[in-house]
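Novice: Sequence:
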Amino acid sequence: MRGNITRRGKGSWRLKFDLGTDPATGKRLTQYATVRGTKKEAEAELSKRLHQVDGGNYVANSKETVAEHVRNWLSAKADLAATTRERFEKLVENQIVPQIGSLILQQLRPAQVTAWHNTLRKEGGKEGGPLSPATVRQAHRVLHMALASAFEDEKIARNVASGRKLPKAKSADIQILQDGQIAPLLEALQGHWLSPVATVAVGSGMRQGEIMGLRWADIDLDKGSLRVERTLEETKATGLRFKAPKSKAGTRTISLPASTVDALKSHRKRQLEMRLALGLGKPGKDALVFSGPDGDPIAPSRVAGAWRDAIARLRQRNDNGAPPLVEHPKVRFHDLRHTHASALIASGLDVVAISRRLGHASPVVTLSIYAHLFKRSDDGAAAAIEAAMRTGAEQ
Numbered sequence: 001m002r003g004n005i006t007r008r009g010k011g012s013w014r015l016k017f018d019l020g021t022d023p024a025t026g027k028r029l030t031q032y033a034t035v036r037g038t039k040k041e042a043e044a045e046l047s048k049r050l051h052q053v054d055g056g057n058y059v060a061n062s063k064e065t066v067a068e069h070v071r072n073w074l075s076a077k078a079d080l081a082a083t084t085r086e087r088f089e090k091l092v093e094n095q096i097v098p099q100i101g102s103l104i105l106q107q108l109r110p111a112q113v114t115a116w117h118n119t120l121r122k123e124g125g126k127e128g129g130p131l132s133p134a135t136v137r138q139a140h141r142v143l144h145m146a147l148a149s150a151f152e153d154e155k156i157a158r159n160v161a162s163g164r165k166l167p168k169a170k171s172a173d174i175q176i177l178q179d180g181q182i183a184p185l186l187e188a189l190q191g192h193w194l195s196p197v198a199t200v201a202v203g204s205g206m207r208q209g210e211i212m213g214l215r216w217a218d219i220d221l222d223k224g225s226l227r228v229e230r231t232l233e234e235t236k237a238t239g240l241r242f243k244a245p246k247s248k249a250g251t252r253t254i255s256l257p258a259s260t261v262d263a264l265k266s267h268r269k270r271q272l273e274m275r276l277a278l279g280l281g282k283p284g285k286d287a288l289v290f291s292g293p294d295g296d297p298i299a300p301s302r303v304a305g306a307w308r309d310a311i312a313r314l315r316q317r318n319d320n321g322a323p324p325l326v327e328h329p330k331v332r333f334h335d336l337r338h339t340h341a342s343a344l345i346a347s348g349l350d351v352v353a354i355s356r357r358l359g360h361a362s363p364v365v366t367l368s369i370y371a372h373l374f375k376r377s378d379d380g381a382a383a384a385i386e387a388a389m390r391t392g393a394e395q
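Here the sequence shown is numbered in this note's numbering, starting from 1 and rising by one per residue.
Possibly wrong hints are sitting among the right ones.
[Claimed, not checked] Below, a list of computed lysine-lysine pairs in the DSSO-like style, where the Cα atoms sit at most 30 Å apart:
1) Lys40 x Lys16
2) Lys16 x Lys48
3) Lys243 x Lys282
4) Lys90 x Lys165
5) Lys16 x Lys27
6) Lys246 x Lys330
7) Lys265 x Lys285
8) Lys126 x Lys330
9) Lys77 x Lys246
10) Lys77 x Lys282
11) Lys285 x Lys248
12) Lys246 x Lys90
13) Lys122 x Lys48
14) Lys236 x Lys126
15) Lys90 x Lys243
16) Lys16 x Lys155
17) Lys168 x Lys126
18) Lys63 x Lys39
19) Lys223 x Lys248
20) Lys126 x Lys155
21) Lys77 x Lys165
22) Lys330 x Lys168
23) Lys168 x Lys90
24) Lys48 x Lys155
25) Lys39 x Lys155
Keep in mind the hints are simulated off the structure, nothing from the lab.
Construct the entire structure; sequences and hints are all you get.
Specialist: Shown next as structure tokens:
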């Protein structure tokens, strides 16, 4: 039996055709499908499906939903870092499943993917608010990866997420402190435990986890440089743990501006005084540069929360209507890294040197974020950021 057609009702036909032998059981596999139209159209559809079977590219019918497939795909994907897995899980549960999760995987169409993008942009954020273009792109990337797996497993005939036009990430997603804003911000943070942390962020361009993973053994204050060897990671699954940088290029040596070196020297002195006052003794060479009083690491989530609170206070106006203590955009801690990169680009450093300093996997990553090329070497990096950090200090 290759295939036959049975009438089910007016304009409705049931197709029955042979898929060959199941290699696991040796039994014959039979597929059923219902189509609407004339008998001639049903015969054409049967011929088409038999041709697909003969060509080895027929996809058997399945009622698996988008939610079921994406969740199963993510659960089975073993090559993800813990932080990446948690980020993917949030995108799946917050952006994919609520919107298109109930759709049958095999029935998902390109137009529905585009409509999903539009819905996310309008009401995919918190409390039904708009979602940023950058997050829409991230959610699409996860869906595309999951559908690529479905295509490889012959669950679907093609990846309908391919070739979709994505919303462009706006520059507003990256806040950069402008000339005259960096020094006043750092000055306003004086006395706050975040002050030396922020100074290192602006002066080195390091990621937050890299900064919180720094040991005194990684820093040469005499030479004015530090070595990035690890990062502090925080996940729900594992809590706090130290791990290698996210790429081979992440392990690097960074020259420091003089003001950052001075801030680190002052911080080390205060840290020593505090430890001696608590009867903890001098910190060892492997002691963390930034830690709690007992030497334990500070969770990245605590840094982010403290930063948000500090920025909110600095943005408040006095009761008499005076301007904020510091005039600057609403900046995230990670935007200090963007600010550092922006200063280097403006100084004329070439993209390869900037990529090395930031620890990007390749200059392509740097270009995808910042897009400009300049010529200079890393020897001038510390001086360039030093000038940016001092701009506005005399005003």
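Novice: What hints, given by number in increasing order, does this structure fail?
Specialist: 10, 13 and 20
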